[in-house]
Amino acid sequence: MPGTETTARNPWKTASLAGMASYLDAAALVTSGIAIGGHYAGPLHLGADAIGALLGLQTLAFAVGALCGGRLGDRFGRRKVFTLSLVLYTAGVLLLLAAADPALLYAGVVATGLAIGADLPVSLALVNEEAPPGRKATMVVFSGMLWLAGIVAVLVLSSFMGAQGMAGGRILFAHLLVVAVAVLLLRLTLSESAEWAAARRAADEHPAARSAALERGRVRDLFRAPARYALLATGLYYAVWNLGANTLGQFGTFLWTALAGGEVAQFSQLTLVGLPVGFVAGLLFMRVVDTPSRHVWFAAGSGLIIVAWALPALFGPSKVTLVAVMLLSGLGNSFAGESVYKVWSQELFPTLLRATAQGVTMAFTRTVAGLVALGTPAFALGHTRLLFGVLFSLALAAAVIGLIWVPRLPRTEGSEPTAPHAVADGTPRPTAV
13 MPGTETTARN PWKTASLAGM ASYLDAAALV TSGIAIGGHY AGPLHLGADA
63 IGALLGLQTL AFAVGALCGG RLGDRFGRRK VFTLSLVLYT AGVLLLLAAA
113 DPALLYAGVV ATGLAIGADL PVSLALVNEE APPGRKATMV VFSGMLWLAG
163 IVAVLVLSSF MGAQGMAGGR ILFAHLLVVA VAVLLLRLTL SESAEWAAAR
213 RAADEHPAAR SAALERGRVR DLFRAPARYA LLATGLYYAV WNLGANTLGQ
263 FGTFLWTALA GGEVAQFSQL TLVGLPVGFV AGLLFMRVVD TPSRHVWFAA
313 GSGLIIVAWA LPALFGPSKV TLVAVMLLSG LGNSFAGESV YKVWSQELFP
363 TLLRATAQGV TMAFTRTVAG LVALGTPAFA LGHTRLLFGV LFSLALAAAV
413 IGLIWVPRLP RTEGSEPTAP HAVADGTPRP TAV
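In this text, residue positions in the sequence shown follow our numbering: the first is 13, and each later residue adds one.
Some hints could be false.
Keeping only pairs whose Cα atoms sit at most 25 Å apart, straight-line, the calculated DMTMM-like set for lysine to aspartate or glutamate is [as the list claims (entries may be wrong)]:
{"#": "1", "residue 1": "K92", "residue 2": "E204"}
{"#": "2", "residue 1": "K92", "residue 2": "E207"}
{"#": "3", "residue 1": "K92", "residue 2": "E217"}
{"#": "4", "residue 1": "K92", "residue 2": "D233"}
{"#": "5", "residue 1": "K331", "residue 2": "E275"}
{"#": "6", "residue 1": "K92", "residue 2": "D216"}
{"#": "7", "residue 1": "K25", "residue 2": "E207"}
{"#": "8", "residue 1": "K25", "residue 2": "E350"}
{"#": "9", "residue 1": "K25", "residue 2": "E204"}
Label pairs and their in silico Cβ distance ranges [claimed, not checked]:
{"#": "10", "residue 1": "L96", "residue 2": "P145", "range": "44 to 52 Å"}
{"#": "11", "residue 1": "K331", "residue 2": "P304", "range": "37 to 45 Å"}
{"#": "12", "residue 1": "L96", "residue 2": "V308", "range": "38 to 46 Å"}
{"#": "13", "residue 1": "V99", "residue 2": "L326", "range": "45 to 53 Å"}
{"#": "14", "residue 1": "P144", "residue 2": "L326", "range": "18 to 26 Å"}
{"#": "15", "residue 1": "L197", "residue 2": "P55", "range": "26 to 34 Å"}
{"#": "16", "residue 1": "L197", "residue 2": "P288", "range": "28 to 36 Å"}
{"#": "17", "residue 1": "R232", "residue 2": "G273", "range": "51 to 59 Å"}
{"#": "18", "residue 1": "A215", "residue 2": "P55", "range": "46 to 54 Å"}
{"#": "19", "residue 1": "S330", "residue 2": "L200", "range": "47 to 55 Å"}
{"#": "20", "residue 1": "Q281", "residue 2": "G177", "range": "20 to 28 Å"}
Think of the hints as simulated: they come from the structure by calculation, not from any bench. Each residue gets a CB set at the ideal place from its N, CA and C atoms; glycine is no exception.
Go ahead and model the full structure; you've got the sequences and the hints to work with.
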């Protein structure tokens, strides 16, 4: 197929355009927080409960979108789903941009949440499947760089535009609209994943001849060995790690002001300083993620995250310990956390279950984060040291899962092994390193 050949010769084009799902995800979440929680709050008379409900609803919509979109992407194709999801994203942003009452805001956050949830697992699967051998993990990690770029773009725009009130919020959402439309038009030049098309055709044309049930991509096969072990491991790792990252991302300003006596502007400046560190570290990780040394870098990143949360747990929250959490965990997350979870999610599941599995684990993680977030502010004020002790314990648990459990899981054919794996019953078997 001519279009497929063109895509195969331009893997970075595919990685960039499909990976923009991460940019649009991060930019939408940050923009919604700033615009709805700040610019729109006064003019639309949004109280704390309404703001919390809107932002929480967007997170829950993401979970639903990931669950449905991942499955649809495995069943009907990567291209169809990420195209339709971006159309929905554009419509949702338009509603948020033009909102003159809370009703449009609710419709907009649901639409954007569903869209980014559906887009992300399917786009990541396409990036992996169209990347050349030996560069698959590199290009998946590249999507994480685009996620950081989305955050930086919104923060920089918010810092320099100067507009306040509804106008400021509309400018931020207009940025999302312009990027979404541009990406949508450029994505129309991409072809369907050749790997997915071949797997789907084989499963549909010769179902009786397939001895391996996983090759057919049935949902129930996701909950049978060996896929269920990979689903549990990646889902638990991502959810446990994300609770710390989400607490810092969603409530970092609250912790800084309420517990350490800092100022909002000061925290924003420190956040912008820390992002370039993560960006440079991410570029470094891209050079090693497809090599056997990935495991060592992951261990180092996990160690930094553990140390980061240990400091406020031991010495209490202060400006010094919270800055340390921000910088150390930001550096550690470049080698562990979400970037490695995305790589594992490509390597541990067969083609026709790959997006479905990511949709399930992403939905689970966002749901857990959303529910925990409901009680985080009150818990932080009433049980401060315990909160950081719990976050330290979660970082430790995530490291154990990633260092001990995940390397023992069997990988799909074609993924580059980096450590000993296991057969379906959990018994380790040696492999090339």
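Evaluated hints:
1. The hinted pair formed by K92 and E204 meets the criterion: a straight-line CA distance of about 8 Å does not exceed 25 Å.
2. Between K92 and E207, the direct Cα distance comes to roughly 15 Å. Compliance with the 25 Å bound is thereby established for this hinted pair.
3. With a C-alpha separation of about 21 Å, the suggested pair K92 and E217 falls inside the 25 Å cut-off, and the hint holds.
4. Simply put, K92 and D233 have alpha-carbon atoms about 24 Å apart, close enough for the 25 Å limit, and the pair holds.
5. As the CA atoms of K331 and E275 are separated by approximately 10 Å, the hinted pair is consistent with the 25 Å bound.
6. A hinted pair counts as satisfied when its Cα atoms are at most 25 Å apart, and K92 with D216 qualifies at roughly 18 Å.
7. For a cut-off of 25 Å, the pair hint linking K25 to E207 stands: about 17 Å separates their Cα positions.
8. The suggested pairing of K25 with E350 holds, with an alpha-carbon distance near 22 Å, which does not exceed 25 Å.
9. Using a Cα cut-off of 25 Å, the hinted pair K25 and E204 holds, with the two alpha carbons roughly 14 Å apart.
10. A beta carbon spacing of about 30 Å between L96 and P145 contradicts the range 44 to 52 Å that was offered as a hint.
11. The beta-carbon spacing between K331 and P304, approximately 40 Å, falls within the hinted interval of 37 to 45 Å.
12. L96 and V308 have their C-beta atoms about 41 Å apart, which keeps the hinted 38 to 46 Å range intact.
13. In this structure the hint that V99 and L326 lie 45 to 53 Å apart at CB holds, the actual value being about 50 Å.
14. One distance hint, 18 to 26 Å for the beta-carbon pair P144 and L326, is violated here, with the actual separation near 46 Å.
15. Hint check: L197 to P55, Cβ distance near 33 Å, so the stated range 26 to 34 Å holds.
16. A hinted range of 28 to 36 Å for the beta carbons of L197 and P288 is consistent with their spacing of about 30 Å.
17. Roughly 54 Å separates the CB atoms of R232 and G273, a value that falls within the hinted 51 to 59 Å.
18. Checked against the hint of 46 to 54 Å, the pair A215 and P55 passes, with Cβ atoms roughly 53 Å apart.
19. For S330 and L200, the Cβ-Cβ distance of about 51 Å falls inside the hinted range of 47 to 55 Å, so the restraint holds.
20. In this structure, Q281 and G177 meet the distance hint of 20 to 28 Å, their C-beta atoms being roughly 23 Å apart.
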